[in-house]
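Using the hints provided, position chain B relative to the given structure of chain A.
Chains as they are written, first to last, in our numbering: chain A, 46 to 172; chain B, 2 to 899.
Hints were generated in silico from the structure; no laboratory data involved.
Virtual Cβ for every residue (Gly too), placed ideally from N, Cα, C.
Certain hints may be false.
What the hints assert, rightly or not - Label pairs and their computed distance ranges (CB to CB):
{"no.": "1", "chain 1": "B", "residue 1": "T657", "chain 2": "A", "residue 2": "Q134", "range": "34 to 42 Å"}
{"no.": "2", "chain 1": "B", "residue 1": "L654", "chain 2": "A", "residue 2": "K111", "range": "45 to 53 Å"}
{"no.": "3", "chain 1": "B", "residue 1": "S878", "chain 2": "A", "residue 2": "R162", "range": "52 to 60 Å"}
The lines below spell out each chain.
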Amino acid sequence: MAIDILIAEDEPSILESLDFILRRAGWTISSVTDGAAVLEGVRRLQPRVLVLDVMLPKRSGFDVLKTIRASADTRLLPVLILTAKGQQQDKRIAEELGANEFVTKPYANADVVGAVRRLLGDHGRAP
Amino acid sequence: MLSADFVIATAVAYVGLLFVLAYFGDRRARERKKSFLHSPAVYTLSISVYCTSWTFYGAVGNAARSGLEFLTIYLGPTIVFVGWYLVLRRLVRISHLQRITSVADLLSSRFGKSSRLAVLVTCIAVIGIAPYIALQLKAVTSSIQAVAGASEFGQGSLAGIDDVGLALGVAAAMALFTILFGTRHVDAKEQHHGVVAAIAFEAVVKLAALVAVGVFVVFIGGGFEAIFRNAAARGFTLDVENTFDDRWLTTLGLSIAAIVCLPRQFQVTVVENSDEDHLRVAGWAFPAYMMLMSIFILPIALYGLTTMPAGANPDMFALTLPMAAGQSGLALFAFIGGFSSATSMIILESIALSIMVSNHIVMPLVLRFTPSGRDGQGVSHLLLVARRFSIVLILSLGFFYFFFTRDSNALAPIGLISFTAIAQFFPAVLAALFWRDASLKAATAAIAAGFVIWVWSSFLPSFESVSPQVAELLRDGPWGISWLRPEAMFGLDGLDPLAHAAFWSLSINTFTLIVGSLLTSQSTLERIQANVFVDVFRRGNIAPRNFMRGVATANDLYFVAERVLGERRAAALFETAARESGVSPAMLNPSPEFIGRLERELAGSIGAASAHVMLSKVVAGAEVSLEEVMQMADETQQVIEYSQQLEKTSAELRSTAQQLEDANAQLRVLDSQKDDFLSQVSHEVRTPMTSIRSFSEILLDQGELDEQQRHRFVSTIHQESLRLTRLLDEILDLNALERGERTWENVPTDAEAALERALSVCDALLRQRGMRVEFGSRARAGMVDGDGDRLCQVFINIISNAVKYNDAEEPLLRVSSSVRAGFYGVEIADNGPGIGKAERSLIFEKFSRGQHGSADQSGAGLGLAISRQIVARMNGSLDLVAGPLPGACFRVRLAVLR
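So that you can see chain A by itself, here it is in the shape it has in the complex (with noise of 0.2 Å):
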């Protein structure tokens, strides 16, 4: 059962925000809460685009993206990266470590929904 979208996001609020808004641009979403599962989810959902906190509990994002980048099946897997922390090092360090996209919190609902877009090479459905 593939998915267009998979979260990491640990905080309930944000999740939820996330998941409305994405779901309402007419997308199947699933979700975990921290960076132990993503690779699980990643593996079993087939997600077509990763959403990618960074702050993540028992794993960080980072280094959950990492993974992804250094195995053959995923390594194509486009990624969005979301930081609290905002700081050009952690752009940096998402550039380098291969993520394909990088929003910073809070974010604009519609530049969430553009990355994705742009991830997904989705022009054509409309909200």
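For chain B alone, coordinates are given in the frame of chain A:
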């Protein structure tokens, strides 16, 4: 079988080998190659010159006659090297600084560079050592005779030569060897690397030989045990009854004194020492050497007593046992071993004594009879002649002593006579090192008195068997005065003669030294030298200034230096000084410092007293008044104090710089902490802001939201706003607390009541998670100085953490409190996941959330940091402790009000 001729030829060949060794040793040392000659091993082996033929032959005889007594001779030095390491180090340090060349020089130098004391010590040493030299001659003679007597080829070229003739031959040969070895040139610092190398080699040979004989004896004797058993069966038992009697203690004490004061021991241990650290190795290696040397002495003695015919000389067992067993090769090795131990002693002892004689007796005489010192001819040559003459004299004295006492049998007692003589220096040497007030007059009188008693009670009685007069004297005393009988002085009868002699000579010696020093005053030079010696290890002790003031031309000084040091070294010394002051050698204006340096250099060749006398002859107006010397001493003291002050100041500066450095580092840490804090705050603020912004946008979109969704989103926004507010409050609160501020007054508060309140506030939360609460012992009340609300906040924080992080199936909270030893304490434990080792130090840090923090945690990770600060502001503590449940346990401790 061995013949006497063959043995003598072997001995000569062996000496030839030693000579080659010494020659190459000298060459290596002169080429300044960093060689094994300067190693602690060679140093230790050279100290083993202590083990002479007294050890090789005499100890066996001593053991056969008196049992374990022979051991004391090795126990004493062991005590000194193991226990008195610091004394030896002090001796070596002083001697290097003062260019000390002998024990006479040491005493003379300490007691105001007195030539008279140096002469006295030298004379006593030369006379006192004579029995010891005789012992070696006797041992070598006996060993040759033992070989010759057993030879089936007859006595060869020894036929018709009695023991006296043989001993004379041995003495002459030894004198020749020693002159060839030790007086080829006058060394810079009286160090003889070549000789030391040969001595070290001999130390190896004698050890190997004695061990070889020992192993052989144990082997043919059927093992240690069998030897002891058979000896006991034949009635030969160890004399252990007299162990620890007066004689034991005496020989122990004498050997302690001997290892320090014997001229040859002083030479190898102190003068030839090239590195103080070598003492550290010698400290264990030399005792180990002596132990190896003495391991086989008892078996050899007992086996000899058991198997050799009655009347056989036990001193020669080490040689005669292998011969009796037909082991010619081993016997020859044993002979060479005994020969080694005798020659090494004779060579080194006569070198050491000859240096003393030439420096302290011949030099002063030469100085007295050559008025201006401008004869232009070096004294080096004269010194060499003097030394050669001294060697002949010393061996002659040894021979004469042998000649007069040849009828007495044993070796060891002869050695102890010498030990007693040399021990007379010991009180003065100790005083020189440690006692500032010891005076020249007292030291001279003490040593002289000790020596007189020694002559009377120890030296004289050794002629008893050859002189009826002496025997009569021993029996009746002089002129029939019985309390002056040599072996029962002052009515002290019944003591062992050795103990008697040692007791009276050393008691009177020490008494004279102490009382004399208290009654007499020191000269200025004495006082200065005393301070230099006693304070040698004190910080800031600078080399003594030269107290010879007055005028001396560089020319005069150069002539003096050239005479003593030789042209090359004198020129080098003056060129160095000239270079330092930036003038040509001819223009050198001798400063007091330079004269002082010159004096020390001269002292290294001719002794402190002679050097002092020699220089004072060319430095015009050399006599300095007491006031001037004291003023100079004061100045020196001021220089020392000033330099100490400077050192202190610079140490303070260094510490200030270090403090600044530390503060800077701390600031940098604080800076990076501030960065971390801001970044954490940013994260903690951005998280609720994200929800607020996102949901606000959703609401603004005016999309197809139903009422339920709209309500839910609005309430999320509201909650997140509250969270923001709470976060800001917490940050401000923590900030104030960390600055040491309190937003409350500490008043008498019942902490137990606050705990109760916290529990009831958390009741709903606990119920919601199904967490059971268990109570341990409870305090009835806990009156502390604090604030009830803030304490309640702390307890709530701990309890809610316990609830929040608990993932156990049956979550449990255990609360107990007590008042004990003036403290109110609460422990709140849970059965949650606990806190990992790595995190324990971090949980009280800001923004630290445990590993097990779950997705629904709402705190910013400031709770514990704030709680700890709150408790600290009430002068209490909040800690993570080992608790009764598998999870975490927090303890709050506060002092109870009285």
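These are the hints, each one checked on the structure:
1. B/T657 to A/Q134: 34 to 42 Å: holds (37 Å)
2. B/L654 to A/K111: 45 to 53 Å: holds (51 Å)
3. B/S878 to A/R162: 52 to 60 Å: Given range 52 to 60 Å: holds, Cβ gap about 56 Å.
The structure is consistent with each of the numbered hints, conforming to all of them.
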